[in-house]
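**Q** Chain by chain, the residues run as shown.
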Amino acid sequence: MSLRYITRFAHYDAKTVEEATALLNKYGEKAKPIAGGTALMDILKKKYLPTPEAIVNLKTIPGLDQVTEDGGAIKIGALTKLVDLAESSVIKSKCPMIADAVNLISSPQLRNMGTVGGNLCQQVRCWYYVKADFFCYRKGGPVCYQPGGDNRYGAILQQKVCNAVIASDLATTFTALNASLKVEGPGGSRDVPIKDFYVTLGNTLKQGEIITWITIPEAPSKGSFKKFKIRKTWDFAVASAAVATTSKGTIAALGGVAPVVVSGTPDEVTSALGSATPLSMNKYKVQIAKTILKEAMA
Amino acid sequence: MSEEKKEEKKEEKSVVSRRAFIGGTIAGLVVGAAAAYGATTMMPAGPKPPVGAPKEAIRGKFISLTVNGKATSLWVDARWSLANTLRNSQGLRGTVKGCDYGECGSCTVIVDGRAMPSCMVLAIDADGRTIQTIEGVSEGGKLSALQETMIKHRAFQCGFCGPGFIMSAKALLDKKSRPTEDEIREALSGNVCRCTGYHRIVESLLIVTGQKQPLERISSGAIA
Chain H
1 MSLRYITRFA
11 HYDAKTVEEA
21 TALLNKYGEK
31 AKPIAGGTAL
41 MDILKKKYLP
51 TPEAIVNLKT
61 IPGLDQVTED
71 GGAIKIGALT
81 KLVDLAESSV
91 IKSKCPMIAD
101 AVNLISSPQL
111 RNMGTVGGNL
121 CQQVRCWYYV
131 KADFFCYRKG
141 GPVCYQPGGD
151 NRYGAILQQK
161 VCNAVIASDL
171 ATTFTALNAS
181 LKVEGPGGSR
191 DVPIKDFYVT
201 LGNTLKQGEI
211 ITWITIPEAP
221 SKGSFKKFKI
231 RKTWDFAVAS
241 AAVATTSKGT
251 IAALGGVAPV
261 VVSGTPDEVT
271 SALGSATPLS
281 MNKYKVQIAK
291 TILKEAMA
Chain B
1 MSEEKKEEKK
11 EEKSVVSRRA
21 FIGGTIAGLV
31 VGAAAAYGAT
41 TMMPAGPKPP
51 VGAPKEAIRG
61 KFISLTVNGK
71 ATSLWVDARW
81 SLANTLRNSQ
91 GLRGTVKGCD
101 YGECGSCTVI
111 VDGRAMPSCM
121 VLAIDADGRT
131 IQTIEGVSEG
141 GKLSALQETM
151 IKHRAFQCGF
161 CGPGFIMSAK
171 ALLDKKSRPT
181 EDEIREALSG
191 NVCRCTGYHR
201 IVESLLIVTG
211 QKQPLERISS
221 GAIA
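Residue numbers (the working numbering), protein chains in the order written: chain H, 1 to 298; chain B, 1 to 224.
Since the hints were derived computationally from the structure, they do not count as laboratory data.
Note that beta-carbon positions come from the ideal geometry of N, C-alpha and C, so glycine has one too.
Incorrect hints may have been included.
As the list claims (entries may be wrong) - Here are the simulated DMTMM-like pairs of lysine to aspartate or glutamate, each with C-alpha atoms no more than 20 Å apart in a straight line:
| # | chain 1 | residue 1 | chain 2 | residue 2 |
| --- | --- | --- | --- | --- |
| 1 | H | Lys232 | B | Glu186 |
| 2 | H | Lys248 | H | Asp70 |
| 3 | H | Lys92 | B | Glu186 |
As the list claims (entries may be wrong) - Partial pick of chain H residues on the chain B-facing surface, computed with a CB cut under 10 Å:
| # | residue |
| --- | --- |
| 4 | Ile6 |
| 5 | Phe9 |
| 6 | His11 |
| 7 | Gln66 |
| 8 | Arg111 |
| 9 | Met113 |
Sequences and hints are given; from them, build the entire structure.
**A** If you want it as structure tokens, here you go:
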């Protein structure tokens with residue numbers, strides 16, 4: 001069998017969240033959780049990140065694959081498959097913009113595998129990052145290759161040390177919906193507003209922590225998600241925009257333009273785009289982002 | 001003279017030893033193959049965990065699968081993808097491997113009623129699942145209506161992507177008996193055909209669901 005691809009690792013089936021977090025904490029950086037596996041299998045085969053010593057299977061944890069309505073809030077389990085999220089009656093009736101966003105993610109086959117938590121925690125798709133040949137800043141290397149290289153899909157906003165753009169469409173959608181994430185780890189659980197979850201070089205999950213629930217505090221009265229992609233069938237976003245209006249106001253969020261989701265009131269986001277600092281090859285993305293934001297707000 | 005003899009002897013010796021070596025290798029191979037063949041029924045010793053690894057770590061385990069209606073129990077290494085396991089351990093070579101990264105869809109199988117690229121599933125994670133491969137689509141040794149229509153309508157040219165397309169199409173038709181053209185195109189969007197025969201593939205699905213009349217020269221027997 002073609003074992004030349006994948007290096008040996010230990011495999012655990014976690015039965016509870018506590019077991020999973022304890023295992024992930026024990027191995028530290030050298031363990032990776034697996035749920036859908038669509039991103040991790042890529043890492044195992046392409047080896048652009050070191051192969052973990054241990055893989056903790058989260059799919060065996062029961063109860064985290066539900067979408068429920070709790071008062072006015074919508075609670076989504078992190079192990080919900082993307083296809084189940086899109087087909088959920090709660091989502092269809094209360095918040096169809098999530099279903100719209102999910103149906104634009106990847107191919108139907110991969111949506112049958114991928115989970116919500118995995119989508120939120122996925123790696124960026126910068127082509128220097130996902131190649132084993134390049135040891136870029138995000139992987140702990142000396143420099144980001146985008147400014148001096150081919151940066152046509154790079155960031156146009158908030159470039160500090162890394163010019164990769166956030167790949168998750170659900171991150172954009174949930175930011176517009178002002179969601180909060182329940183994060184469980186060895187030190188107990190905490191709630192993180194999704195706005196504070198992402199940082200330039202990844203997310204704020206500490207060692208051993210996993211996302212267990214996503215809570216959307218209020219179903220929007222009006223909301224939409226738009227995505228621009230190069231390939232018509234399925235692709236990662238060149239720019240994506242989500243706008244949601246609730247009783248507390250309107251939040252706009254832009255994905256695919258910066259290492260983190262750019263969010264705020266529609267005016268704030270528009271003015272942020274006005275002062276964009278594109279790289280040498282991606283000036284076109286500014287106009288695409290402006291247009292996609294306008295479409296989402298319409 | 002004596003030196004020559006010596007050399008001859010030496011050569012003979014080396015020949016013998018080479019023969020012995022080859023024989024030994026063949027015996028080893030046979031034993032190895034027998035062990036691999038018997039893997040479905042008996043438990044091999046299994047790979048040893050490296051020094052320093054925690055004892056409870058699982059490097060591979062017995063899983064039970066229902067493949068094409070037949071329940072099997074087999075030992076899998078934790079690293080094996082479902083595609084590799086089906087092809088090499090179960091001998092179901094109809095599931096072809098294209099890109100091996102879940103992008104082309106040629107390794108699509110139906111897992112618990114849902115189409116998935118089997119190269120992206122770890123076999124160890126598929127424990128207890130029901131799997132249908134292209135070998136399970138035909139009914140009683142006869143091709144299914146879907147396959148028959150696709151062949152008659154020349155949906156495939158080289159045919160490498162065929163099993164993947166058929167499994168994706170079957171997963172759709174199992175759920176919905178009369179999908180619209182948009183739904184068909186959406187359901188097949190994870191499959192790539194390098195001959196770009198998409199039009200005929202979608203058309204044959206419309207024909208098999210009774211939404212379109214087959215071309216006359218095909219239905220009359222004179223194949224296009």
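**Q** Determine for every hint whether it applies to the structure shown.
**A** Results for each hint:
1. H:Lys232 with B:Glu186: holds (11 Å)
2. H:Lys248 with H:Asp70: The given pair, whose Cα atoms are some 19 Å apart, holds under the 20 Å limit.
3. H:Lys92 with B:Glu186: holds (19 Å)
4. Ile6: holds (4 Å)
5. Phe9: This hint holds: phenylalanine 9 (chain H) lies near chain B, its Cβ roughly 6 Å from the closest one there, short of 10 Å.
6. His11: holds (4 Å)
7. Gln66: violated (17 Å)
8. Arg111: For arginine 111 (chain H), the interface hint holds, since the closest Cβ of chain B sits about 9 Å away, which is under 10 Å.
9. Met113: Interface hint status for methionine 113 (chain H): holds (5 Å vs cutoff 10 Å).
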